[in-house]
Amino acid sequence: MTDFLPAWSEPFHGDQLGSVPALDFRGRITRKWAFGDGSGAGVKVAIIDSGVEDGHPLVGRVDRAIVVERDESADDGVRFVDEPHDDLYGHGTACAGIIRSLAPQVEIISIRVLSSNLKGSAFAFAHGLDWCIHNGVHVANLSLSTTNEDYAETFWELLDKAAYRRLLPVAALNNERKRSIPSEFAGVISVACAAGRDREKFWFNPNGPAEWGAAGIDVDIPWSGGGTINASGNSFAAPVIAGHLARIVGAHPGITPWQARTLLAALAENAAR
Amino acid sequence: MRRDDLLHQLAALTVQLPAVLPPASTLRQATALCATARVAFGAAAVSVAALHDDVLRYLAADGEGATEIVGTELPVSRGLAGYVALSGQSLAVDRATDDPRFARDVAERTGYIPTSLLVVPIRDPRGEVIGVLSVLDRSLASADALVLASTFADQLSLLLPTIDEVGRTAQLLLDAIVDAVNTADPQLAPALRRALARRPGDEVEAELAGIAATLNELRSADAATRARVGTLVAEIVALATIRRRR
Numbered sequence: 001m002t003d004f005l006p007a008w009s010e011p012f013h014g015d016q017l018g019s020v021p022a023l024d025f026r027g028r029i030t031r032k033w034a035f036g037d038g039s040g041a042g043v044k045v046a047i048i049d050s051g052v053e054d055g056h057p058l059v060g061r062v063d064r065a066i067v068v069e070r071d072e073s074a075d076d077g078v079r080f081v082d083e084p085h086d087d088l089y090g091h092g093t094a095c096a097g098i099i100r101s102l103a104p105q106v107e108i109i110s111i112r113v114l115s116s117n118l119k120g121s122a123f124a125f126a127h128g129l130d131w132c133i134h135n136g137v138h139v140a141n142l143s144l145s146t147t148n149e150d151y152a153e154t155f156w157e158l159l160d161k162a163a164y165r166r167l168l169p170v171a172a173l174n175n176e177r178k179r180s181i182p183s184e185f186a187g188v189i190s191v192a193c194a195a196g197r198d199r200e201k202f203w204f205n206p207n208g209p210a211e212w213g214a215a216g217i218d219v220d221i222p223w224s225g226g227g228t229i230n231a232s233g234n235s236f237a238a239p240v241i242a243g244h245l246a247r248i249v250g251a252h253p254g255i256t257p258w259q260a261r262t263l264l265a266a267l268a269e270n271a272a273r
Numbered sequence: 001m002r003r004d005d006l007l008h009q010l011a012a013l014t015v016q017l018p019a020v021l022p023p024a025s026t027l028r029q030a031t032a033l034c035a036t037a038r039v040a041f042g043a044a045a046v047s048v049a050a051l052h053d054d055v056l057r058y059l060a061a062d063g064e065g066a067t068e069i070v071g072t073e074l075p076v077s078r079g080l081a082g083y084v085a086l087s088g089q090s091l092a093v094d095r096a097t098d099d100p101r102f103a104r105d106v107a108e109r110t111g112y113i114p115t116s117l118l119v120v121p122i123r124d125p126r127g128e129v130i131g132v133l134s135v136l137d138r139s140l141a142s143a144d145a146l147v148l149a150s151t152f153a154d155q156l157s158l159l160l161p162t163i164d165e166v167g168r169t170a171q172l173l174l175d176a177i178v179d180a181v182n183t184a185d186p187q188l189a190p191a192l193r194r195a196l197a198r199r200p201g202d203e204v205e206a207e208l209a210g211i212a213a214t215l216n217e218l219r220s221a222d223a224a225t226r227a228r229v230g231t232l233v234a235e236i237v238a239l240a241t242i243r244r245r246r
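Residue numbers (the working numbering), protein chains in the order written: chain A, 1 to 273; chain B, 1 to 246.
Derived by calculation from the structure, the hints in this document are not laboratory data.
We put the CB at the ideal spot given by N, CA and C, even for glycine.
Just so you know, not all the hints are guaranteed correct.
What the hints assert, rightly or not - To be clear about the criterion: a stretch of chain A counts as covered by chain B if any three or more of its residues have a C-beta under 8 Å from a C-beta of chain B, and this derived list gives those stretches:
1. 83-91
2. 137-146
3. 171-184
4. 226-234
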């Protein structure tokens with residue numbers, strides 16, 4: 001016997017590994033089993049966007065609101081303002097409303113990373129995702145991306161961290177064929193628009209980079225000012241998948257990202273039956 | 001220098017300035033692109049706005065409200081175009097008038113209130129947003145509307161930096177002229193230098209970044225070339241130092 005233990009092997013020795021949630025497959029995976037009551041109760045969902053309008057009739061309560069700002073005087077150059085805020089445009093409200101329509105009891109956290117200052121939006125975006133990783137968020141909706149190559153490595157690192165913290169990052173691909181960081185990375189649950197307007201339906205594309213398809217063309221969505229608009233974009237397809245994942249996490253607390261993807265794939269419209 | 005001499009210099013500059021401008025006006029090119037896009041989309045209007053210091057400035061347009069929109073400035077903190085500029089995400093909205101916020105910003109000033117809007121970002125080669133292209137009330141339905149709009153945006157991305165640079169140069173000359181005329185002994189060269197020094201720091205940094213990029217490229221040159229460039233740079237620096245002492 002040797003006492004040699006290669007690095008990273010420690011968790012598999014001794015009793016620190018603990019138990020992981022077992023997926024008790026009994027025949028086909030059904031929506032009822034995967035989604036449970038479908039309420040998303042107990043699930044923290046972050047909307048990393050332009051803010052979310054608290055009290056919008058189609059959104060309801062915003063449980064927490066954080067503004068991510070650049071702050072040169074802070075150690076890491078960033079400040080998190082933890083107090084109610086508005087949606088600057090309506091885009092974040094749209095995403096939150098779509099998620100709420102699918103999983104009505106989720107806890108909504110608005111992470112506002114867009115401001116009137118263009119410079120540093122990728123910086124705020126990355127720090128917003130980092131905040132989610134360190135604050136127990138279960139599902140993060142990223143209906144935005146950056147083309148700034150300088151941030152590719154930062155997002156790779158963040159996504160690796162997110163995977164091991166059981167955070168499910170759902171990201172909309174860019175509407176044009178441009179770089180879409182981090183949406184095009186395998187570490188995110190990436191989404192583009194499928195046909196139709198039925199939010200209960202979604203499709204699985206294992207070939208990527210758009211891994212999932214959901215309704216997002218000519219859809220009625222909430223917008224700031226308490227109303228709705230009709231709009232199109234991958235931005236509005238991502239929260240459909242985020243809503244379904246919130247249902248799954250609500251029914252199976254502690255589920256890992258890989259298990260959650262397995263359930264979602266089993267429920268896709270194009271899953272072989 | 002006497003005032004007459006200064007005016008003579010200005011006149012000379014006026015003659016020389018068109019040489020640094022593109023053969024046809026870039027603004028006219030941008031307007032022509034808007035017109036082409038308007039036909040392609042069967043749209044009521046198409047406009048292009050350049051982004052500068054968190055403000056969108058409408059440079060060119062064609063169709064309904066085109067005359068009124070050109071020259072309009074809007075902060076990126078508001079409106080659909082602002083959202084696209086800030087997020088880099090394009091957006092297609094129908095029934096835009098359901099939300100009065102859309103109309104208030106721009107539409108009321110132009111006298112034309114659109115029902116549908118398609119807004120795409122215009123990016124520089126690094127992917128940074130430098131403007132937005134807006135298509136109002138397109139009538140030709142196409143699944144590729146975003147792709148088409150994005151293609152027009154790519155063409156505009158070639159024009160916007162030129163428009164911007166010519167505008168900045170004109171602004172710089174104007175600043176220098178005002179500065180020179182207001183001094184007791186009007187001299188254009190020192191006034192121009194003062195105007196240059198007043199330019200925002202990030203633009204100077206951009207120039208330094210350009211030099212750094214060129215030097216970086218030199219790393220892949222052969223040793224003899226690098227040595228020759230090194231000597232050349234040393235000689236230029238020495239010359240500049242001597243000139244400054246004088």
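Q.
Need the list of violated hint numbers for this structure, in ascending order.
A. none
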